[in-house]
Structures are given as structure tokens and as C-alpha cells.
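Asks: Given the coordinates of chain B, assemble chain A onto it according to the supplied hints.
Listed in order, the protein sequences are those of chains B and A. Counting from 1, position 168 in the first sequence corresponds to residue 168 in the UniProt record's numbering; the numbering is continuous, with no gaps. Counting from 1, position 144 in the second sequence corresponds to residue 144 in the UniProt record's numbering; the numbering is continuous, with no gaps.
There's no promise every hint is true.
[As the list claims (entries may be wrong)] DSSO-like cross-link-like pairs, simulated, lysine-lysine; straight-line CA separation at most 30 angstroms:
hint, chain 1, residue 1, chain 2, residue 2
1, B, 296, A, 70
2, B, 310, A, 95
3, A, 9, A, 95
4, A, 74, A, 164
5, B, 296, A, 95
6, A, 74, B, 296
7, A, 9, B, 310
8, A, 76, A, 192
[To be verified] Derived Cβ-Cβ restraints for the label pairs, each shown as a range:
hint, chain 1, residue 1, chain 2, residue 2, range
9, B, 285, A, 13, 27 to 33 angstroms
10, A, 93, B, 273, 24 to 30 angstroms
11, B, 285, A, 72, 32 to 38 angstroms
12, A, 130, B, 276, 31 to 37 angstroms
13, A, 30, B, 311, 53 to 59 angstroms
Treat the hints as calculated values from the structure; they're not laboratory data. Beta carbons are placed, not taken as given, at the ideal position from N, Cα and C, and that holds for glycine.
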Amino acid sequence: MGSDATMVHASAPAFSKDSGKKKKNIRAARLKQCKLDARREQWLSQVKSKGLKNFTYNATQPKLPCPTPPPSSLPRPSDGSGGEWEESIKIRAKQENIIKLEDLHDSDTESLFNSPSSTSSGMNYLMKNCLCESHSSHSSTSGSGSYTQSVNEEKDDDGDEEKGDDDEEKEDDDDDGFDDWETIADALSNANDDSENCPKSETKPIPFREDIHSDLCNHDVLKKPEGLPRAWRSDDAFRPQSLPSLSRSKHCGISNWMNEDGQASLCPICYEDLDLTDTSFLPCSCGFHLCLFCHKRIMEADGRCPGCRKLYNSAVGGDQNVAITATPSSSVRFHCSHSINPGT
Amino acid sequence: MLDAARVQKELVECNKDCHISGISVDLHRDGSSLYHLTGTISGPLDTPYEGGAFEIDIVLSESYPFQPPKMQFKTKVWHPNISSQNGAICLDILKDQWSPALTLKTALLSLQALLSAPAPNDPQDAVVAKQCLNDHTTFVATARYWTEAFAMRTTVGTEEKVKKLMEMGFPENLVRSALENVKGDENMALEKLCSG
Chain B
1 MGSDATMVHA SAPAFSKDSG KKKKNIRAAR LKQCKLDARR EQWLSQVKSK GLKNFTYNAT
61 QPKLPCPTPP PSSLPRPSDG SGGEWEESIK IRAKQENIIK LEDLHDSDTE SLFNSPSSTS
121 SGMNYLMKNC LCESHSSHSS TSGSGSYTQS VNEEKDDDGD EEKGDDDEEK EDDDDDGFDD
181 WETIADALSN ANDDSENCPK SETKPIPFRE DIHSDLCNHD VLKKPEGLPR AWRSDDAFRP
241 QSLPSLSRSK HCGISNWMNE DGQASLCPIC YEDLDLTDTS FLPCSCGFHL CLFCHKRIME
301 ADGRCPGCRK LYNSAVGGDQ NVAITATPSS SVRFHCSHSI NPGT
Chain A
1 MLDAARVQKE LVECNKDCHI SGISVDLHRD GSSLYHLTGT ISGPLDTPYE GGAFEIDIVL
61 SESYPFQPPK MQFKTKVWHP NISSQNGAIC LDILKDQWSP ALTLKTALLS LQALLSAPAP
121 NDPQDAVVAK QCLNDHTTFV ATARYWTEAF AMRTTVGTEE KVKKLMEMGF PENLVRSALE
181 NVKGDENMAL EKLCSG
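Same shape as in the complex, but just chain B:
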């Protein structure tokens, strides 16, 4: 599916939008053509061997939930039979996808790629394709933007009716090509800045783990509606599933641990927050918590514990108590970090 898309984006968007920068882009894309052709041939041979009707259906099916009507210039396929006919149908379906996606896409993702929209439209499609792949292959995150939602619906339609070994293998193929798509995307973005560097960067395969990349894609796009950059909340619907789950820290969190003591969160003398050192500081055997500043102040004066009014110095084993209480706190901290790690 991916290699078909390259053919399309190399031709259709280039003709639709003519600009100076686009020529450079086309040149870069042509350099890539040979490599892509080889992969396309390989992919098409696989597709033909696996029954074409499946794929015809899958490719044309997205038109049904698609809110944008297909362009009238593109004839709708009446029936699918014949190799070349099948291929053209698929390409048209792809083109419709592109148009639909671009319509929805132009306004909200331009800032994602720091390049003019005219030159990045092809690359945008690539990225969208990546999104499409990641959504289908992981079926994890809920769509945030309108177009990702529609992609999900399309994929659901596919999966409900025709999901089978063929589909899975197809997606596997897509995933294989997906690494190359990432390379292409990088190359094209480089071409926008400096067209001379493009071939070099293309020849370098950039190893990308698929799951990491899909996370990046999801993250970039899904973060968009949020507006302000901020941390994901654990119950956020847009939160990528692959982010480490830290919800367990709530159960063993330091704040919770402090609240169990009740009075330990505030110094009863100065009403300031007690930090960890203060909470583990227990100068008197009566168990009265106070911050180190207030303790110092009291020691400079009469030196009696505010809780029991006994002299601090006469409290038996006061230092011992400090040592004893400091140990559980450190063990709690270790416990916290230890329990978070398996989640990552």
C-alpha cells in the first residue's frame, strides 16, 4: 500500500501545485524512484498472489464513511477484475484518500512540519500514512483529530468484515515498508531545506523501531489539540498507551505516605510544609513531629519538646530515634522507585 502511495504523491500533488520549491522536491523524489519501484514491484507481486478482490474492496471501502465526496473526475470503479484495472482502482482510491486527508489536514498540521505546505504536502501524506499504519497495527490510541478518526473507522470497517490472514500480512508488509517511509519523510524534509543533501540522507537507512516511531507520530499529532505543552494525565483519553504507566505511584506515593501520619504534613509550630527530612526527624520519644528550624529555635531556648514538655536532652535515645525513623523513609523511597520501574 505504501509504495502505491509514493507513486501517487510523486505525480498527483506535484501536478496540482506548481512552485519553485516543488521542482527540487520532484528531483529528490525521482532519485528515490528506482528504489521505490523495486519495492513496489515486490509488493504488487505479493498482492496479486493473494487475491485481488479483497484488496479492491478494502481500497474502495473507505469512501463510504468518508465525509468528503470523491472528485467527479475520478471514475468510480464498477467492478474489480484484471491486474492493471485493479492497480488503477487502488491508485484512485489512494488519490481519494489523499485528497480527503489533505483537505482535513492542511489547516491543522502545517506547523508540525516546519516547511511550506506546498512542498510538504507529499510528505504530509507520508506521515499520515504512517499514522494510518500505526493506528491499524497497534489499534491502541483513540483518534484525536478528525482525520485520524476517519482512518480508524475505515480500518475498523476493514477489520470487521474482511480481516483475515491476508490483512494481517498486508499490514506486516506495510510495516516493513514503513521504515522506508520514515526515511523518505526525513529525506523530503531535508530536501525542503537543502536539496543537495537529500540523496545522501536517503541512502542512509535510519533504523527506527516501529513502535517508537508510531508513538512519536501519535504523540506529535495527538498533542496538537492540547494546545499548551503539558504532561499527560493518566486518565487522559489522548494519552498514548505506550507511555509508561505511573499510576501505581499514587498508591505508594510519598504524599500518600506522609498523609498516613496525619499531622506529619505540616509543622505544627510554624505551619510550613514538612519535607522528607523533617518527617523522618523525630527528636523526642513522644513522637512529636516538627521541622528542623523550629527544633533549633526551641533548643536555643528552653529545649523542651512542644508535645510532652520534657527536655529534649533528657529524652532517652533521642538520637537513636532519629536513626531508626530515617531508615524506613529511605526504604519507602526505594520501594517507590522500584515499583515504578516495571511499569516502564
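Replies: Quick look at chain A alone, frame taken from chain B:
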């Protein structure tokens, strides 16, 4: 340096449930200093002080809460542990048994408890303590009379008193301040106006 943050938090905390505890602390009406406060406690039920509102003058030192607040009854009280002359209080937590963990509210609660549980064996006012030990009925009656005379707030009729005193030829602002200082007692206000 006074711990202003603590005092402010104490004021907020104390006035949060003043309708339940019957205890409130406000800045002294003279100024806006956190060093000088006025506490109010309601007389405990089933005591001769029931129904009264007793004002306590509170002065905080620089080292509060490491030093106890200076408290003194401004409302006249007939109580063996409170001076009937100047309202001085004999209570251990306001002296050597003070703890920084105590607050203005807990101190005022202790005063409220002191009203309901007099300790005539450790008196501040010897005359009252002697009466409390020897003639308890008279002590209760006197305490009740003092409560009704000095601690009952009669805001109703203040305007009448003001008008009455103004008819005697005193300016309104002086009349109002005099009445305020003597808790609305008309005769004492007149006395004050005549003397000064």
C-alpha cells in the same frame, strides 16, 4: 520577628468554626497590628457565665509562638482565677506550661474550660477564691450578676443610649467610643465622658 504566617493561619483557622466553638480572634480594634489581638469566648453552658461574651486582650511577643501570648480579660469576670480588678489570668499554659504547639484557639479554649472549672486553691483573686470556697451560693450569684452586667452584649438600644448621651451635650463620636469602651454600659460611659 513574629511569625506572621502562623498568626494569620491561626486567625483563619480559629474563625472558621467560631459559631460552634464560641471562640473567635480578631485584630484589636485600635489598629491593624498582628501583635495586638482581641479574643472572644462565650460563657460555658450550665455555669454562671452562660450567655456572656467575654473579651480577652491578646498581646503577642516577638518570639510567639515560642513565648506564650499575654492574655487578659477585658470583660469584668467574677472568677477565682481571674482578677476582678484588672482581668489578669492565672493559668499555667499562659506561663510556664506554654508550648509552641499550642495556639491562640487552644489557649482560649483553656480559658473557656477555666470558666467552667474554677480552681480556688490556686487563686488569682483572693477575695473571689475565699467566697468560692466558703459561700459558693453567693459566689455563683455574684458571678451571674457580673456576667449579666458586663458580659451580656446589648447592641439593641445602643442608638437610644447614644441619643440620650448626645442630648446631655456630648459629641456623637465621643459618645460612641465611650460606649464601645465600656461595652455599652450607659452609666460607665457617662462617667468616662465626664471624667475625660
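Asks: Confirm or reject each hint.
Replies: Checked hints:
1. About 24 angstroms separates the Cα atoms of residue 296 (chain B) and residue 70 (chain A), which keeps this hinted pair within 30 angstroms; it holds.
2. This hinted pair checks out: residue 310 (chain B) and residue 95 (chain A) have alpha carbons roughly 16 angstroms apart, not beyond 30 angstroms.
3. A threshold of 30 angstroms between alpha carbons decides the hint, and for residue 9 (chain A) with residue 95 (chain A) the separation of about 23 angstroms falls inside it, so the pair holds.
4. In summary, the hint linking residue 74 (chain A) to residue 164 (chain A) is supported, as the alpha carbons are separated by about 25 angstroms, within the 30 angstroms threshold.
5. Between residue 296 (chain B) and residue 95 (chain A) the alpha-carbon distance is near 22 angstroms, which keeps this suggested pair within the 30 angstroms criterion.
6. Taken as a hint, the residue 74 (chain A) and residue 296 (chain B) pair is broken in the structure, with Cα atoms around 36 angstroms apart against an allowance of 30 angstroms.
7. Between the alpha carbons of residue 9 (chain A) and residue 310 (chain B) the distance comes to roughly 27 angstroms, so the proposed pair stays at or under 30 angstroms and holds.
8. The suggested pairing of residue 76 (chain A) with residue 192 (chain A) holds, with an alpha-carbon distance near 16 angstroms, which does not exceed 30 angstroms.
9. The supplied range of 27 to 33 angstroms is met by residue 285 (chain B) and residue 13 (chain A), whose beta-carbon atoms lie about 28 angstroms from each other.
10. Between residue 93 (chain A) and residue 273 (chain B) the CB atoms are about 27 angstroms apart, so this pair conforms to the stated range of 24 to 30 angstroms.
11. A hinted range of 32 to 38 angstroms for the beta carbons of residue 285 (chain B) and residue 72 (chain A) is consistent with their spacing of about 36 angstroms.
12. At about 57 angstroms, the CB distance of residue 130 (chain A) to residue 276 (chain B) disagrees with the hint of 31 to 37 angstroms.
13. About 39 angstroms separates the C-beta atoms of residue 30 (chain A) and residue 311 (chain B), a value inconsistent with the hinted range of 53 to 59 angstroms.
Of the numbered hints given earlier, the model fails hints 6, 12, 13; all others are met.
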